[in-house]
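Chemist: Listed here are the chains, written in short residue letters.
2 protein chains.
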Amino acid sequence: MNDELHDVIMVGAGPSSLAAAIYTTREDIETILYEKGVIGGMAAITDKVDNYPGFPDGVEGMKLADLLQAQAVRFGAKIDFGDVSAIREEGKLKVVVVDGKDVRARAVLIATGSDYNKIGVPGEAEYYGRGVHYCATCDGAFYRDKRLVVIGGGNSAVQEAIFLTRFTSHIDLLVRSTIKASEILQRELQKYVDQGKLTIHYGVTTQEIVATDGKVTSVLAEKDSKSISYETDGVFVFVGLSPNTEFLRGSAIELDEHGLIKTDTRHETSVKGVFASGDVRSGATLQIASAVGEGAAAALSIREYLDGLNHHI
Amino acid sequence: MNDELHDVIMVGAGPSSLAAAIYTTREDIETILYEKGVIGGMAAITDKVDNYPGFPDGVEGMKLADLLQAQAVRFGAKIDFGDVSAIREEGKLKVVVVDGKDVRARAVLIATGSDYNKIGVPGEAEYYGRGVHYCATCDGAFYRDKRLVVIGGGNSAVQEAIFLTRFTSHIDLLVRSTIKASEILQRELQKYVDQGKLTIHYGVTTQEIVATDGKVTSVLAEKDSKSISYETDGVFVFVGLSPNTEFLRGSAIELDEHGLIKTDTRHETSVKGVFASGDVRSGATLQIASAVGEGAAAALSIREYLDGLNHHI
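Each protein sequence line maps, in turn, to chains A and B. The opening residue of the first sequence carries number 4 in my numbering; numbering runs sequentially from there. The opening residue of the second sequence carries number 4 in my numbering; numbering runs sequentially from there.
It is worth saying that the hints were derived from the structure and are not from the lab. Take the hints with a grain of salt, since some may be wrong.
Note: identical chains are not told apart, hence a pair may lie in one copy or across any two.
With a straight-line cut-off of 27 Å between C-alpha atoms, the simulated BS3-like cross-links for lysine-lysine are [claimed, not checked]:
{"hint": "1", "residue 1": "LYS194", "residue 2": "LYS265"}
{"hint": "2", "residue 1": "LYS194", "residue 2": "LYS95"}
{"hint": "3", "residue 1": "LYS183", "residue 2": "LYS39"}
{"hint": "4", "residue 1": "LYS51", "residue 2": "LYS66"}
{"hint": "5", "residue 1": "LYS183", "residue 2": "LYS218"}
{"hint": "6", "residue 1": "LYS275", "residue 2": "LYS265"}
{"hint": "7", "residue 1": "LYS104", "residue 2": "LYS218"}
{"hint": "8", "residue 1": "LYS194", "residue 2": "LYS275"}
{"hint": "9", "residue 1": "LYS218", "residue 2": "LYS51"}
{"hint": "10", "residue 1": "LYS66", "residue 2": "LYS81"}
{"hint": "11", "residue 1": "LYS95", "residue 2": "LYS275"}
{"hint": "12", "residue 1": "LYS51", "residue 2": "LYS149"}
{"hint": "13", "residue 1": "LYS226", "residue 2": "LYS183"}
{"hint": "14", "residue 1": "LYS265", "residue 2": "LYS39"}
{"hint": "15", "residue 1": "LYS226", "residue 2": "LYS66"}
{"hint": "16", "residue 1": "LYS183", "residue 2": "LYS66"}
{"hint": "17", "residue 1": "LYS121", "residue 2": "LYS218"}
Predicted model, so just to flag it, every value in this text is computed and none were measured.
Generate coordinates for the entire structure from the input sequences, incorporating the hints supplied.
Modeler: Below, the structure is given as C-alpha cells:
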C-alpha cells in the first residue's frame, strides 16, 4: 500500500513532458515525471538540432535536453527514474505502476515517444546522429550536395528518399527484397532514377556502417552472397517506427493501428484524465518543436481537467 | 500585372510563421512572409517570456523574436513589410493582395494572430507587459503573493481571476456593470470571495493605470461619479480577443463564431492549399510554444501539399 498521491504523473521525460511540466509546475500543479531511459528522450541523443525555433545556429541535442530539464526543475518538477508497466483507473484517480509499485495521481500525461526501428548492424549505434539518421526532416538538410545511402523498401523509405533528393547529389537506395510502396510513389521514385539522382539496389542486405576517422564513409552490404561497398557521406534508415505503448496493451486507452495513442483536439485520450502528447500521439510530426507545443497545450487541458475535478469533488 | 510567384506566402511574421519558415526554407521551399506590424508579433512586445521551453531563466520577448527571425533568415526566408487585405484562389494558385498589389503563391499560411482587446485608458499601453497583462497563463506566475486588479466581467475574466487566485494574496475584480459568466463559474468565484481572496467591485469604470517610478502601483476608477483608487502590484485586463481575420471576411476560408480560422488536424483551412497556425487558429492556446509547434507541423503539411501539386501538375 502506497499513499503517495500526485496531482500529475508524466510518463517519460522527453521534450514534450518537460514542456508540459514547465507549464503545470509554474502554476503550482504538483508534477512528477518517470523516465526509464535518458532525460530529454530522443532529443538528448541527437547530435545537433538545427530546427528547434529559438536557436538560430542550432543546438546540441544534449544541451537542449539540459535546458528543458533545468526549466522544468526551476518551477518545481520532480524527475525520477522508473519503469512504468501499466496505468489503470481507480474511481477518479489513476494508478500508475512504477517499478512494480502503485503510485496514484489525479491526472496522467503519457509522453513516452516512439523509437525508430534499427537494422542492428555494427556502426549503426556508434554513429547515430553523426552519419546515421532516421529522420529526413530533421537531418536531411545536413547533406546538401552530398552522397547518401538510404536503407528500406516500404512506403516511408520511398517517400523519404524522394524528399532527400532535394538536398543530395546522389542516393543509393538499398532494398532487401522488393519495394513495397504505393504505385504513385513508385512512379514518382522512377523519375529520380531516370534523372540519375537515385539508384535502386534490390536484394541487398546491409552488414556494416563503416567509418574512417570517426566519419561515416561507406556501407558494407551483401548481394547474391557477394560483398559490395557503397561509398557515402551518410546513411538514412527507414525500417519503421515503434511507439512506446507496449505498457498500454490491455488498458482502456485506445491506440491506432500503428500502436500510437489516439487523442482528441485537447490531447485527452479515450480515458478521461489521461492525456498524451509528442511522438507517441497518433498524428505526431516527430519534431521537437511540435512535441514541445503539444506538451504546453496538454498542460492547459490538464489544468482545466483538474479544475473541473475540484468543482465536483 | 505581377508575375511574381512564390512557393509559399506567409501572412504575419510572428512566432508561428517564423517557425514554419524555418522548416520550409530549410527544405528549399521558397518562402516570403508579409508583416504589417512588428516582426515577432505579440512575443516581440512582451517584456519577459518565462515559459518558452529552452530558456530556463526566461527570455525577453524581443530577444526571442530576434532569435526566431535570425533562424528563419539563416535558412533563406524573406520578410517584407506589407498589409494583406485579401486572399483568393486562381486555379491551383492563391492570390494574396499585399498593399493593394496581387502576389501569387502555390500555398499560403495565415498566422496573423489575435489581439487582446484594450480598455483604452492612460497607462495601459505604456506598461504593457510590465504591470499590465492580458494573459494569465503567461504572466500570472510573476504575481506570487502580490495584489492584483483584474478588469472585466465576462466568462473569461471570471475564469482567469479564479486561476490567478492560486498566485495572488488578493484580487480586486473591477466589473463595469454586472458579471456575465455561467452560473457554475459564478458559484466558483463566490468561494474565493468567501475566503477573502477576492473582492468584486460592481459598477466600476477604469480611468487610468497609475505608476510610480515606472512600476504600476494603483488603478484609478470611477463608481457612482466618485473617484476610487485601488492599490495593486499589477493589472490583468480580460475584455475579449480580436482575431486578425478581418481581411478574410467574404473569402471562402471558414471562420468559427469568434472569427478564428477553422482548420483540420493538418492545419489546413476549408480552402485547399491555405493553412493556418498559431493564435489565429480556432482552438489555439495563445501560447508561444504551441504557436511554434503548430507552425512546424503546418510546414510539414505545406510540404506534403506542394509535393502533391508537383505530382499532379
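Chemist: If a hint holds in the structure, say so; if it doesn't, say that too.
Modeler: Status of each hint after checking the structure:
no.: 1; hint: LYS194 <-> LYS265; verdict: neither (36 Å within a copy, 37 Å between copies)
no.: 2; hint: LYS194 <-> LYS95; verdict: between (57 Å within a copy, 23 Å between copies)
no.: 3; hint: LYS183 <-> LYS39; verdict: neither (35 Å within a copy, 48 Å between copies)
no.: 4; hint: LYS51 <-> LYS66; verdict: both (9 Å within a copy, 22 Å between copies)
no.: 5; hint: LYS183 <-> LYS218; verdict: neither (31 Å within a copy, 66 Å between copies)
no.: 6; hint: LYS275 <-> LYS265; verdict: both (13 Å within a copy, 25 Å between copies)
no.: 7; hint: LYS104 <-> LYS218; verdict: neither (45 Å within a copy, 51 Å between copies)
no.: 8; hint: LYS194 <-> LYS275; verdict: between (49 Å within a copy, 26 Å between copies)
no.: 9; hint: LYS218 <-> LYS51; verdict: within (15 Å within a copy, 42 Å between copies)
no.: 10; hint: LYS66 <-> LYS81; verdict: within (19 Å within a copy, 29 Å between copies)
no.: 11; hint: LYS95 <-> LYS275; verdict: within (9 Å within a copy, 43 Å between copies)
no.: 12; hint: LYS51 <-> LYS149; verdict: within (18 Å within a copy, 42 Å between copies)
no.: 13; hint: LYS226 <-> LYS183; verdict: within (19 Å within a copy, 75 Å between copies)
no.: 14; hint: LYS265 <-> LYS39; verdict: within (23 Å within a copy, 39 Å between copies)
no.: 15; hint: LYS226 <-> LYS66; verdict: neither (41 Å within a copy, 55 Å between copies)
no.: 16; hint: LYS183 <-> LYS66; verdict: neither (39 Å within a copy, 48 Å between copies)
no.: 17; hint: LYS121 <-> LYS218; verdict: within (19 Å within a copy, 57 Å between copies)
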